[in-house]
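Bring the two chains, given one by one in their own frames, into a single complex with the hints.
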Amino acid sequence: MNPDDHVCLCFRVSQRKLVNFMEREKPRVASQLSDCLGAGTGCQWCVPFLRRLHAQWQRGETPELPVAPAEYAARRAQYRATGTRPDIEVETESQYHSGKAIPTPMPADSANPVRIPLTQLRRGQRAIVDCSELMDLPEGDRCLLHAMGMHHECEVRVCRSGTPCIVQIDSTRLGISGEVAKKILVTPIEDTPGAKA
Amino acid sequence: MPRIAVLGNPNTGKTTLFNRLCGVRARTANFPGSTVEGRIGTHRSPDGRAQLELVDLPGSYSLTLDIPEARVCRDCLDGAVDGVMPDAMLVVVDATNLRRNLQFAAQCLLHRLPAVVALNMWDVARQRSSCVDPAELARRLGCPVVPVSGRTGEGVPAVDVALDTLCSLPFDSDALVARLQKLPPADASPAALAAWADGVVQASSARAASIDEGREAMVDRIDEALTHPLLGIGAFMVIMAALFASIFMVAAVPMSLIDLLFGSVATAVRAVLPDGILADLLADGVLRGIGGVLVFLPQICLLFFLVSLLEDSGYLARAAFAVDRVMRRFGLSGLSFVPLLSSHACALPGIMSTRLIRDDRERLATILVAPFMSCSARLPVYVLLIGILSVGKPPWFAGVAFAACYALGAGAGLLTALLARRTILRGPARPLVLELPPYRIPSLRNAALVTWDRANVFLRNAGTTILAISVVMWWLSAFPRTGGDARIQQAESFAGRIGEAIQPVFAPLGFDSQLTVGVMTSFMAREVFVSTMGVLAGAGHDADVADQRVLEQVASMTRTDGTPVFTTATCAAALVFFVLAMQCLPTLAVTRRETGSWKWPAIQFGWMTFVAYMAALAVHAAVGMAAGGP
Numbered sequence: 001m002n003p004d005d006h007v008c009l010c011f012r013v014s015q016r017k018l019v020n021f022m023e024r025e026k027p028r029v030a031s032q033l034s035d036c037l038g039a040g041t042g043c044q045w046c047v048p049f050l051r052r053l054h055a056q057w058q059r060g061e062t063p064e065l066p067v068a069p070a071e072y073a074a075r076r077a078q079y080r081a082t083g084t085r086p087d088i089e090v091e092t093e094s095q096y097h098s099g100k101a102i103p104t105p106m107p108a109d110s111a112n113p114v115r116i117p118l119t120q121l122r123r124g125q126r127a128i129v130d131c132s133e134l135m136d137l138p139e140g141d142r143c144l145l146h147a148m149g150m151h152h153e154c155e156v157r158v159c160r161s162g163t164p165c166i167v168q169i170d171s172t173r174l175g176i177s178g179e180v181a182k183k184i185l186v187t188p189i190e191d192t193p194g195a196k197a
Numbered sequence: 001m002p003r004i005a006v007l008g009n010p011n012t013g014k015t016t017l018f019n020r021l022c023g024v025r026a027r028t029a030n031f032p033g034s035t036v037e038g039r040i041g042t043h044r045s046p047d048g049r050a051q052l053e054l055v056d057l058p059g060s061y062s063l064t065l066d067i068p069e070a071r072v073c074r075d076c077l078d079g080a081v082d083g084v085m086p087d088a089m090l091v092v093v094d095a096t097n098l099r100r101n102l103q104f105a106a107q108c109l110l111h112r113l114p115a116v117v118a119l120n121m122w123d124v125a126r127q128r129s130s131c132v133d134p135a136e137l138a139r140r141l142g143c144p145v146v147p148v149s150g151r152t153g154e155g156v157p158a159v160d161v162a163l164d165t166l167c168s169l170p171f172d173s174d175a176l177v178a179r180l181q182k183l184p185p186a187d188a189s190p191a192a193l194a195a196w197a198d199g200v201v202q203a204s205s206a207r208a209a210s211i212d213e214g215r216e217a218m219v220d221r222i223d224e225a226l227t228h229p230l231l232g233i234g235a236f237m238v239i240m241a242a243l244f245a246s247i248f249m250v251a252a253v254p255m256s257l258i259d260l261l262f263g264s265v266a267t268a269v270r271a272v273l274p275d276g277i278l279a280d281l282l283a284d285g286v287l288r289g290i291g292g293v294l295v296f297l298p299q300i301c302l303l304f305f306l307v308s309l310l311e312d313s314g315y316l317a318r319a320a321f322a323v324d325r326v327m328r329r330f331g332l333s334g335l336s337f338v339p340l341l342s343s344h345a346c347a348l349p350g351i352m353s354t355r356l357i358r359d360d361r362e363r364l365a366t367i368l369v370a371p372f373m374s375c376s377a378r379l380p381v382y383v384l385l386i387g388i389l390s391v392g393k394p395p396w397f398a399g400v401a402f403a404a405c406y407a408l409g410a411g412a413g414l415l416t417a418l419l420a421r422r423t424i425l426r427g428p429a430r431p432l433v434l435e436l437p438p439y440r441i442p443s444l445r446n447a448a449l450v451t452w453d454r455a456n457v458f459l460r461n462a463g464t465t466i467l468a469i470s471v472v473m474w475w476l477s478a479f480p481r482t483g484g485d486a487r488i489q490q491a492e493s494f495a496g497r498i499g500e501a502i503q504p505v506f507a508p509l510g511f512d513s514q515l516t517v518g519v520m521t522s523f524m525a526r527e528v529f530v531s532t533m534g535v536l537a538g539a540g541h542d543a544d545v546a547d548q549r550v551l552e553q554v555a556s557m558t559r560t561d562g563t564p565v566f567t568t569a570t571c572a573a574a575l576v577f578f579v580l581a582m583q584c585l586p587t588l589a590v591t592r593r594e595t596g597s598w599k600w601p602a603i604q605f606g607w608m609t610f611v612a613y614m615a616a617l618a619v620h621a622a623v624g625m626a627a628g629g630p
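From first to last, the protein sequence lines are chains A and B.
The opening residue of the first sequence carries number 1 in our numbering; numbering runs sequentially from there.
The opening residue of the second sequence carries number 1 in our numbering; numbering runs sequentially from there.
Excised from the complex, chain B in its bound form (with noise of 0.2 Å):
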């Protein structure tokens, strides 16, 4: 199959005109040595005759800047991805701004490779009635020139056509003499390869393209507003309150589905197979491991559909600026905001998000920090022990709690950020730079193939490894068999073992034996916290919503010597402790995979749970002060 590289800068539709000719037979690629991805896809002409793969290529600004994207897109024009040499070019450059994109486009023909230059956004830069010739330039660049819209699809036939003419001809090496004497040398000068690019423009077009001054001014004034020091800051907390909240709503229709699925099924599975260690593993092992990684997937994919949204209409870039100085304060940019905004959603696609993140020591900080961010899977466990602190307490109390524990999570995130920054990953902050695209209606198709990428990537990666840790875990509280109630088997299994023999690590938090395995068990993923808890105060099986019913048989759990297991400070000191600590595996496995090296989770682990357990001494050792005893 013929390979074809598709090049560009950013924000010239080009990934947009791929989707079009690849749709969803397309998939991530990472390329190796490089945090930059792509995707690969194949297309079929529309006869069904041809088929090629087409690569699609990180945007860049230039083939020559010692920039992650740059890198690979020269790599990948010099066979250095899987070892394959690229046939053939498509050039994807922006018709409504060519003086920079034939500068970029230059830069690309110099490789000795068939091309075909799509002039993208045609049908704006006709709108703004730049009559470009698409024939002159393709006679001052010696290739083929497509005027194509990847937003209408306009033109995308003409570019299947020349695509495959491109492939089916002899490679002819006389024509590519005769395109390189055309273009500028590659060591020329920015400045001589602009003035290269003007001469290209002027030669091509009829008349300058008009620009509407009223819809610039107008845009002038959006822009001031949304990078605004406060005006750009409210717009900012605005829209990311109705995404989260849509988020929150959402989502939490298809969760409460799969979670029903996944319990009716294991329950079948039960029905049919007999008692035993099958039944078991297939049903709390298996089934519950699947659940546990699908349950994470509607909130992944609306959080990536949203924000896909989002930056295809322009406002993220502006959102990054408007932000920018309060993140710089602590050693991060505005381009961490939105992944540690994502964390609280979840952890692992805000640690997926981190790529846009141009310096690798501020993408690192970001990452390590973005797991302080009260996530979704932290909520229930809020619930339960803010429910049983609050018993007697005004009716304030609960919100307050619940918001104190948020801001806690973030502000010990920041101050991490900052101390990182001031020691392992001490470096100069990069000022921001960054283009600001026009404004547009996003498009739902690309937001839509956005997802279902990122969708499986997540499957792919972080699935596999929840999927184990499931497993494990359920060996790990099923093992040895004790054939007494749920209650003997929690206590006298290897996880009731191993917290047994940890309790004295957590008794100066106040920690008994028992909740010292509800912790345990809730370092494979926190919400296991609830349904452990439930399990040791007898309340059965399914016991993984907070209800009032478990939290009252919660609440009046007795240690072995009959006094409460939940004192204030006992229960304060754990809260304080989840918001804190690092309790997900899936998290630190996203995190080894998105740094390449265990010694980042190992990092985040250690550093988590130090702070975690500090912070819990302190506020069992002070509310027990306050409360006048232990």
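Just chain A, same shape as in the assembly (with noise of 0.2 Å):
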């Protein structure tokens, strides 16, 4: 992450203006960075990283996150969208300043997919379905989308990302409303030919 991408994303406050407000505030406790234009009070997804963020400042070290912003905020998604932070580790207080070798978030692996929604795939992007998290829809309209091909485990195509979201399920194209498509989880196909960046 570079100093100026955001770390909370719900209040759009950046690592550079969380490092100056340590700098100038000096605040013993992580939970002090709440007062930094309220990061990590909205979804929480940021905390642990605010607290990783507040532990390097308080070891003199430069304060970093070594995430790419587009993982971190794919993360976030599925963070909102499940509940659960499945593949990241939760570090302690202790580990923080006990000064071990901080864990960084996983990388993808086989066992473990990335599963994001699905309005954020890019154009072109194939991805697998995951029609597991798709709990919070009413029945009808779950049995609707498995009827008309989004079962689990399919492969699709997306053709429009964002809101609606187009994707074609072998040759037929599916528009989906932005609040249905948000609450598909895919994991995205990597190297997809002609997929668009």
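It is possible that some hints are incorrect.
Sample of chain B residues with no beta-carbon within 12 Å of chain A, all distances over it, derived [what the hints assert, rightly or not]:
| id | residue |
| --- | --- |
| 1 | Asp82 |
| 2 | Phe104 |
| 3 | Phe171 |
| 4 | Leu193 |
| 5 | Pro274 |
| 6 | Ile290 |
| 7 | Val472 |
| 8 | Leu585 |
Covered stretches of chain A (chain B as the covering partner; in silico rule of three or more C-beta atoms under 8 Å from a C-beta of chain B) [unchecked claim]:
| id | stretch |
| --- | --- |
| 9 | 148-154 |
| 10 | 172-181 |
What the hints contain is simulated information worked out from the structure, not anything from laboratory work.
Owing to the predicted nature of the structure, the values given are computational and were not obtained by experimental measurement.
Where a beta carbon is used, it is the ideal one built from N, C-alpha and C, also for glycine.
Shown next as structure tokens:
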């Protein structure tokens, strides 16, 4: 992450602002970072990352987060959709203070694939659908989606990203309004030819 | 006559194939207890020997879901439609999308009926060089598979032969048992069903279909543009503007021809028959009534024809997404837009086309507000009243007033929808999930058949109601006979007396008894207002059009005390009243038919009249105050 990337995406607080806040206000505990424009008080996704920045600053290191902003945002979206952080180790306070090497957020692997909302794929990207998280949809809508061809672990190609989302399954194109699409989690297939950045 | 149920996923060309087999020998059928409609047609084999009855069931994605179209399909297969069990099924599958279509086909084939599977869109599948082997597919499904193309007509005779054989052979229960063993069980999960379909596709095709990447990328771009928040809405506006411009321009010719025809027939009737009640009944009641029904027909036909072309081309599904965002703010969805837009031509086809809307409450809300849209029947009234209002005003005034009338109607409609969805029709907004069919050159043949069907439905249902109303209206204004001239007759008739009696109600709006009679008569159909006012002003019987002469005469009408009827305030109030009021009995009749109860037309009538009255009252007071006196 670069200093100008947002750590708290809810309140758009950048890493630079947080570091400047710590230099100026000298917070004794990480929770005081919430005084910096309310960082961490929204969806709470960034709380472990704020703790980490605070611990690094306390040890006199240069605070930094070794994660790409896109990846960071994608995982936050997944966290917000599912309410769990399966692929991030939440470090305890004592780990920070013990000065042990802090694990970076784990990269995706085959056992623990990154799942992001369908709305965050790029045009032309392919992905495998995970319908197991579709539980908040009304029963009727969920079954209809299945019947229209979007069943668990089917492959989709994104024709239009965002809202509405248009995906192609085999030769069928489905238009899906944003509120449904963001609840559909997918695992992107890497190295898609023709994907546009 | 053996009955055959035609089943299939939506967008598989099922109806095209049905049209190939039945042509115009089909009628729209309403299934009991459902808003979904299908068609029943008869099919004669080429040698004219055998005759089959085909039931075109609504396209459905599944047989097991609790949605109207699936329920209708199930009911039909279980023999609950007309109490007749179908003798066989024709399952239509899209050869270019076998994987999904086979899942539905499997659900159908589990029913214990002889079946033929039509492998439709065979021509397109061949272009994509997907080599599905129909013989192998037939072996895997346990029933005959016929490759066919509904568009080109290729393979249709083979379907003929297959259906004939099916109906002429005795019921073979061994073959049925063998078929059931090949299919996944009825309680298979969606994933298991998909896996089965995958297996069948792989086993029966030599190689996977090639997908034209370049073409797909182009379609992506078109889709992106057509559903874009700005570009998409822009494209939508342009297409709809063109649609309505062509409807108004093209339909004007047959409409004036119909008017002319019925006018001259009425004159002829008067010439032949002796003066009296019979001649009046025929000329003013029946003929005017039939003319009043038929005059709507050109617009309705054209609208359905063009909308069917748009739907067939694949555009309509994209447009639904483009406008969805805007409509959602008012508790409606992208699917309600076309009905509401159609209502600007006439509320009748608008309300009839709400059947596309999947959610019941949303559909009711759309029906409820459709008559707020300024339909073409209001146009003559606008011309007359705005003509009177804009005397001595700058030339742009009339244009602005027209636009304001349309905006007022649409605005009131959308706000009513919002209000209804917050109160009587409260419910979650159903998210929009739609299949976007491939772009295609629309079929004129299909569009013509849809139009033919719709025109039939309109004439049968709405037409009879309108005719009855016209006769009643004629009776009210022709009796009791006074023997005086038209003006006295109008005042002394039942309609006139009712107007007189109700006048105090409209007094706060500044309407005198003559204007009240005009408003009362227009409760049957708005355009009557112009001719009634013409008659009352003494312009004669043929005052159907608001030409300059009628306009001057109406504008110079006076009350009994000699003051002018149309002060600025009264005229503005009357205009607002006409924009908002529910003055169309045919619409109420169609609403009753489409909603299945008198409750909704009653709410529609009560609410619109209330809104119109209050708005007119406010305008009368405001304009009166601005002009410095009542």
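Report holds if the minimum CB distance from Leu193 (chain B) to chain A is greater than 12 Å, and violated otherwise.
At roughly 8 Å from the nearest Cβ of chain A, Leu193 (chain B) sits no farther out than 12 Å, so the non-interface label is violated.
Within 8 Å of chain B's CB atoms, at least three CB atoms from the stretch 172-181 of chain A: coverage verdict
holds (count 8)
Consistency of the no-contact label for Asp82 (chain B), given chain A and a CB cut of 12 Å:
The claim stands: Asp82 (chain B) keeps its Cβ more than 12 Å from every Cβ of chain A (closest is about 27 Å).
Count the residues of the stretch 148-154 of chain A with a beta-carbon closer than 8 Å to any beta-carbon of chain B: does the count reach three?
holds (count 6)
Are all C-beta atoms of chain A more than 12 Å from that of Leu585 (chain B)?
Its Cβ never comes within 12 Å of chain A, the nearest being 37 Å, so this holds.
May I ask you to check that Val472 (chain B) keeps its beta-carbon over 12 Å from the closest beta-carbon of chain A?
Non-interface label stands for Val472 (chain B): nearest chain A Cβ at 44 Å, farther than 12 Å.
Would you check whether the claim that Ile290 (chain B) is not at the interface survives, using Cβ distances to chain A and the 12 Å cut-off?
Fine: 44 Å to the nearest Cβ keeps Ile290 (chain B) off the interface.
Is the nearest CB of chain A more than 12 Å from the CB of Phe171 (chain B)?
30 Å, holds
In terms of Cβ atoms, is chain A entirely out of 12 Å range of Pro274 (chain B)?
66 Å, holds
Please verify that the nearest CB of chain A lies beyond 12 Å from Phe104 (chain B)'s CB.
Answer for Phe104 (chain B): violated, closest chain A Cβ roughly 8 Å.
The structure fails to meet hints 2, 4 from the earlier list, while all remaining hints are met.
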